[in-house]
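A.B. asks: Chain by chain, the residues:
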Amino acid sequence: MPPDGLSRLKWFTLGMAVLIVLALCPQFLPRFFTYLLALILITGLMATSLNVALGFGGMYQFHHAVFYGVGAYSVSLMLIKTNLPIALCFFTAPFASAVLALVMGFICVRLSKLYFGMLQLSLGSLVWVVVYRWYSFTGGDDGLHGVPIPSLISSVSGSFYFTLIVSVVSLGLMYVILNSPFGQILQAIRDNPERSETIGVHVRAHQLVTQVIAGFFAGVAGVLFVTVEGSAFPDLMSWTLSLEFLIMCLLGGWFTFLGPMLGAAIIVSLRTMVGVYTEYWTTVLAIILMLLIFFLPEGVIGYLEGFFKRPDVSTEEDR
Amino acid sequence: MDFSTTITFNGLIQQFIVGLSRTTILFIVSSGLSLVLGVLRIPNVAHGSLYMLGAFLCYSVATLFGNSPIGFWFAILLAPIGVAIISLATERGLFCHLYDREHLMLLLFTFALMLIFHDAVKLIWGSEYRSLTPPVIFQGSLPILGMPFPKYNLFLLSIGPIVAVGLWFLTQRTKIGKIARAAAVDRDMVGAVGINVSWVFASVFVIGCFLAGLGGALVAPTQNITQGMDHTIIMEAFLIVIIGGLGNVWGALLGALIFGLTDSMGIMILPQFSIVFPYAAVVIVLIFRPKGLLRATW
Amino acid sequence: MRRIVSYMMFVCLLASMIGSSTLTFAASDIKVGIIDTYSGPPSSYGLDVLDGFKLALNKINANGGVLGKKITFVTRDDKFKVDLGLTEAKELIMRENVNLLLGTINSAVSLAVSDLAKKEKIPFIVTYGKSSNITGSKGHKFVFSMNENTEMIGKAAAIGLAKRPFVKYWIAGDDYEYGHAIADAVWNHLKKIKPDVKLVGQSWWKVGEPDFTPYITSILSAKPDAVIVATGGAGCIPFLKAAKNTGFNRKVAIYMHTATELSTLRPLGLDAPQGVIGTANYYFYYPETPENKVFVEEFKKAYSRYPSFGSLIGWYTANFIAKAYEKAGKVDPEKFADALSGMTIDSPIGKLTVRQFDNQLMLPMFMGVTKKVPGYDFLIATDIVTIPAEEIMPSIEDIKKARSQD
Amino acid sequence: MLSVKDVQKSFDRFLAVKNANLEVERGEIVAVIGPNGAGKSTLFGLIAGRLAPDKGRIIFKGKDIGGLASYLICRRGLSMSFQIVNVFNRLTVFENVQVSVLSRLRRAFDLITPSKRVAVEETREILKSVGLSNVENRASGSLSHGERKVLEIAIALGANPELLILDEPTAGMAPDETASTIKLLEYLNSDLGLTILFCEHDIELVFSFANRVMVMRQGVSIVQGTPQEVKDNEQVREAYLGGS
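Keeping their order, the protein sequence lines are chains A, B, C and D. Residues in the first sequence are numbered consecutively from 1, following my numbering. Residues in the second sequence are numbered consecutively from 1, following my numbering. Residues in the third sequence are numbered consecutively from 1, following my numbering. Residues in the fourth sequence are numbered consecutively from 1, following my numbering.
Bound-form chain A, shown alone (with noise of 0.2 Å):
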């Protein structure tokens, strides 16, 4: 939800403080949750480019981790067999995965919903298919590993910097498409596509555009995986990976912005703190899952936003 103007200068006041705390966390946490929070970042703002395509824009976007992947093993690849100056490594590969969204979009987009999903899953899988085979370009399935960072940003502290900016740009800028009329007639598609046409909306090439954009985000998003881990490898572009990230979005709220944030940071520490404890912490996880889709359907933040904000809005189902 956009802010409204009476208000805005307490939104923008909130967020700084929490940009300020997030920026002070490495002074007095210890190392490994420093690490951690910049995971979180990493995977939320992958979560939030998967949610572009899937909460906002209505698409089935089954196999996002594939432009995950792609951004990482892009990075990785140009810093290890290139002697191209790093920043410019680091700025190009972003587009790499956006290459790959629009070509892969261009074949998805006639489709729709669960043919949509499964068609872009068979296509991700033999981009997988060829990163895991390639051996003597992208390692195989043993992946790569030590890619040269340099150790101002591949630090615990430095990576989390570099996160905490990069994923805070990406995140605004995220924001301010999708209050732009592009994110608003992308939602209009996402609830109606056929009366979206009607009224004049190209909807495949708007929902081509909307791919790139997804794709992109989520190759900044393995990017920064590779910063703050200096390793790709082919688990980055799993199915079962893609599906993680789904998982978020509906735990966190996938008709929020901020929804699928939480998801990620809910399901990344519960992975790390009850991995500690249980190898079952699966089975913790299927247990929350359920209980989310029996009481809370709109997600946690779409659950909180319903019972401040909308008593009001509808759950009816849109064919």
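Since the hints were derived computationally from the structure, they do not count as laboratory data. Please note that the accuracy of each hint is not assured.
If the Cβ cut is set under 8 Å, some of the chain A residues that face chain B in the computed set are [to be verified]:
1. 289
2. 293
3. 296
Ideal Cβ placement from N, Cα and C applies to all residues, glycine included.
Given the coordinates of chain A, assemble chains B, C and D onto it according to the supplied hints.
C.D. replies: Quick look at chains B, C and D alone, frame taken from chain A:
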């Protein structure tokens, strides 16, 4: 590396038959998925887990009977029934409250089920590999066109048509099949006519899951029974259902044929890239027939 | 308002996480962090390693530990996923403050964690990952391998196979690094030793392939003399099963690296095909030394099953760790790494040495043939030939070359 | 302005529209009537570009638009509202109409400007003209049926059409809602100069305010003329008015 492969006609035929026996399992599993998807509109990700559960149950029952032939037949019969009972419990306890939710939510829900089944299998059966011996009459191989062909695969080949005919009978000739088909097209209308849709849905769900369990039980003697069986099969089953046409049982057969045969032929013709074939087949089908090969029910 | 609430939740979440972290800060023990796969198909290997490790550790701690300290350990399940493994490694290093890391069966996880260990200067001992890159091109001071690697397998197989009369070979395997690495290593060395061998074809299947029948029939139609099967872990079992069902083993000679290992043969029971040639680093019935008998007895008593190679890895890894700390004289990662490098200990399979140059454990290899033997309800290896470690270690020149390229 | 000539459309060998002819002049209100399944909705779908005709021509402002994508037809000044309520459920009433205006202003690919600042006045205007100003911040999914039907029309108006096509605009409405909707349509026609093409079940209603009426039966257009002409037509009496 230097090598040359000669592809003989006999080899091709052989490969074709082998592909068919693989198709059988794929068909049984994906037809169940398709049924659930078509009538209940549930993209059941946990279908693969039920398949895995079928295999594990089959193993346990057979071991209980000391791996005797009778035990094997019992296992083949009882394992899917066990799976059906579990699915009935989940349907009545959980799913039946969720039918009006969005597809994505149902997908998520079945994913949660998949996680639970996965951990449950790990808890109950542990992490060791299991292996089941087929009865003596199915051990070894028969020569077909001068090439040894496993007897068990022949048995599988004969099961496929039986299941297909059974499904055809069920959907076309029985009352419940007719109601289910009508419900797939317009569920409100069926409810309005005064039929208890809820129970129709439950029985369709159970039948679909029974098929998953049957697939798992049948496949148990040919491979090692282990966690992770669910991952491979569910992906393939979904792709098959999609290229066949959502909810269309015959589509599932066609899709399974395409999938099984491109796979086994790919192994023969371009063995180094066989991993690519099924995905490529799906992409090609969807580019030319975006809604699948046969008519989808939704 | 609603956003305030969500931020509050976020903060609470963080606070709870930090709260839980403060519990673990008692550091008088030597703490080993183990990352391995404890769920999914590869978990039986990880559990075998863990059991062997525990067995040895209990004995060490019962005898007073090392340097007056007990050795304790914590485990994390990486679920065969690299991202999870990496996060867990960082958690173990940064939050649990472990003194060294152990793991894992997944080569990609091993390589990723190895890179982290290099940065953090924490010794990392690879227990089951078999990529030759771990101690080869990607090796460094802090990484050790306690298992054989693909290069060693290849050399051993080539030496063993060259003595047999096969000429026309087919290569088949798992379509991932491990499969291809083994296949390349076997073939390159075999070609060197016996130049007249011919490769008539190859097939590659995806990892986790459930049914091998189509591959076997397609191989049979090319009529090779022998097939080199480069499949690892879970793939071995269904392959051997399909081989028996199709009568593959009676038509063609099969070589498969882990075919004779207990982990492969025990689950198959009497369903395994006879006459399959396999290499392994350990059998509980071979070598028939007193040390081995003692080890088998102890292991059986503790876990009521036979030890597999994984159990042995766990066992000697624990002993290596204890001895290395003793030699280092204090708990210090640099000193520990220096001490472990080049160390020799006694084991059920004779003296074992960690090669000083690349920290790769020098393991002998045993080549045997599967056979039904009365007294066991599974097949065992017979006609065992020992290939000494010195003959199969990767050449130092090659490693130097590989490392300089990176 | 719009002329439909010998148009035919079939689904799976079922001929939904066999032979339809229709003329609409600028400034008119034209109604299409016919029994259920006569092919009215299909015909409107064909005109609005949601379906492609198998045969025949659809000429709008001198150009053949048969089979053209519906977003292109809309951009030529032809806008449609649906029989089944078809609004954007998760958007507010204001946003529903704004989307339509944004699309007409070709701002669809404007990624930067906050939409809060675009087309606000124009959207308010439209909402005011249809009488939905008081609910503009409610989620459209929560409106009453009648309100949603009006919102349908408002969305169609956002595209600033010259020809407005309405598929049963008053279906399911309460009598007073119907009356105000009719008033709205008359206002649109007389004050804003919109040409209106609509179809309806309620024959009295049709005859009371349409300039011309076209009668369809079993996919064939029987006759088109003034209400009086249609009432007097033998075929129509026999087939439709007398028969029912």
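A.B. asks: Now tell me if each hint is right for this structure.
C.D. replies: Checked hints:
With a cut of 8 Å, the hint placing residue 289 of chain A at the interface with chain B holds, because the nearest CB-to-CB distance is about 4 Å. The interface hint given for residue 293 of chain A holds, since its Cβ lies 5 Å from the closest Cβ of chain B, which is under the 8 Å cut-off. Given the 8 Å rule on beta carbons, the hint for residue 296 of chain A is violated: about 11 Å separates it from the nearest Cβ of chain B.
Going down the numbered hints, you'll see the structure goes against just number 3.
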